[in-house]
Amino acid sequence: MKFKIFFLFVFIQSLGFGQSAELTFLRGRIICPIKELGEVNIFNLRSETVTNSNESGNYSLFVKVGDTLEFKSLQIETHKIVISETDLTKPLLVTNLIPKTIDLSEVEIKDYSHINAVSLRILEKPAKKYTPAERRLRTAETFHWYSPLLIPLGGMSVDGILNSISGRTAMLQKELAIEKKERMMVKIENQFTNDYFIKKLKIPEEYVKGFLYYIVDDTKLITFINEKNKGMANFRLSELATDYLTLLKNNGK
1 MKFKIFFLFV FIQSLGFGQS AELTFLRGRI ICPIKELGEV NIFNLRSETV TNSNESGNYS
61 LFVKVGDTLE FKSLQIETHK IVISETDLTK PLLVTNLIPK TIDLSEVEIK DYSHINAVSL
121 RILEKPAKKY TPAERRLRTA ETFHWYSPLL IPLGGMSVDG ILNSISGRTA MLQKELAIEK
181 KERMMVKIEN QFTNDYFIKK LKIPEEYVKG FLYYIVDDTK LITFINEKNK GMANFRLSEL
241 ATDYLTLLKN NGK
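Residue 178 in my numbering is what sits at position 178 of the sequence shown, and the numbering runs on without skipping anything.
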């Protein structure tokens, strides 16, 4: 009797073991906030089989209770799960994966401003930068291009002829001259303060702007300013201030 009971116990154990060792077709889905879900590999470490998920994150493979599944991809952190009996009863085994954080190495910002058309020997010297007024004048310039058909006219372009007749070129030349004066006034104001004109040169405050318009055409002063020769610029400004104050006095100012 004891032998029969022992045999029955062994039979039940072996039956349970055999059932748990059976292969089961598992359907699973991975969830992860990445776009490339179809590039995740799922390894069964016991059977050394592998499959991959589709674009929706779904996958399927045969497993047994106790099998370890390893999820690997360049975009996710490697993750492992152990299959339990409960997992096999689910219509869909859902596994959450974590996106992989890729640390960027230190970014080095290099200055390539020294590489230009001159350093590459494309140009012998830097290209001239034109102001808006200069660009407009070049577009309407008298000798824009030459043509054999215009030899009797000295090679003058059609645009040049029309602009000369209409007076547009002359107007643009005046605009350019005004622009140059304005730029020079800014240069002078950047080098000399209002206090300098008022206290040092004795120009009345209400006439400082007029004095700037008065001196902006002086070729000697312009040369000293462009050469950043402040000593000679001071000397020339003193001379111009004397003349300007004389004009104010003669005009009853």
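Possibly wrong hints are sitting among the right ones.
Computed list of lysine-lysine pairs in DSS-like fashion (alpha-carbon distance at most 30 Å, straight line) [what the hints assert, rightly or not]:
no. : residue 1 : residue 2
1   : 220       : 187
2   : 220       : 249
3   : 209       : 249
4   : 220       : 230
5   : 90        : 72
6   : 230       : 180
7   : 35        : 100
8   : 199       : 174
I should point out that these hints are in silico values taken from the structure, not numbers from a laboratory.
Hint-by-hint comparison with the structure:
1. For the hint pairing residue 220 with residue 187, the CA-to-CA distance comes to about 15 Å; that is within 30 Å, so the pair holds.
2. A C-alpha spacing of about 24 Å is found between residue 220 and residue 249, which places the hinted pair at or below 30 Å, so the restraint holds.
3. Of the supplied pair hints, the one linking residue 209 and residue 249 holds, its CA atoms being roughly 17 Å apart against a limit of 30 Å.
4. The suggested pairing of residue 220 with residue 230 holds, with an alpha-carbon distance near 12 Å, which does not exceed 30 Å.
5. Our distance criterion of 30 Å between C-alpha atoms is met by residue 90 and residue 72, whose separation comes to about 23 Å.
6. For the given pair, residue 230 sits about 20 Å from residue 180 by alpha-carbon distance, which is consistent with the 30 Å threshold.
7. Distance restraint check for residue 35 and residue 100: the Cα-Cα separation of roughly 13 Å lies within the 30 Å cut-off, and the hinted pair is therefore satisfied.
8. Straight-line distance between C-alpha atoms of residue 199 and residue 174 comes to about 34 Å, which puts the hinted pair past the 30 Å bound.
The structure is inconsistent with hint 8 alone, although it conforms to all the rest.
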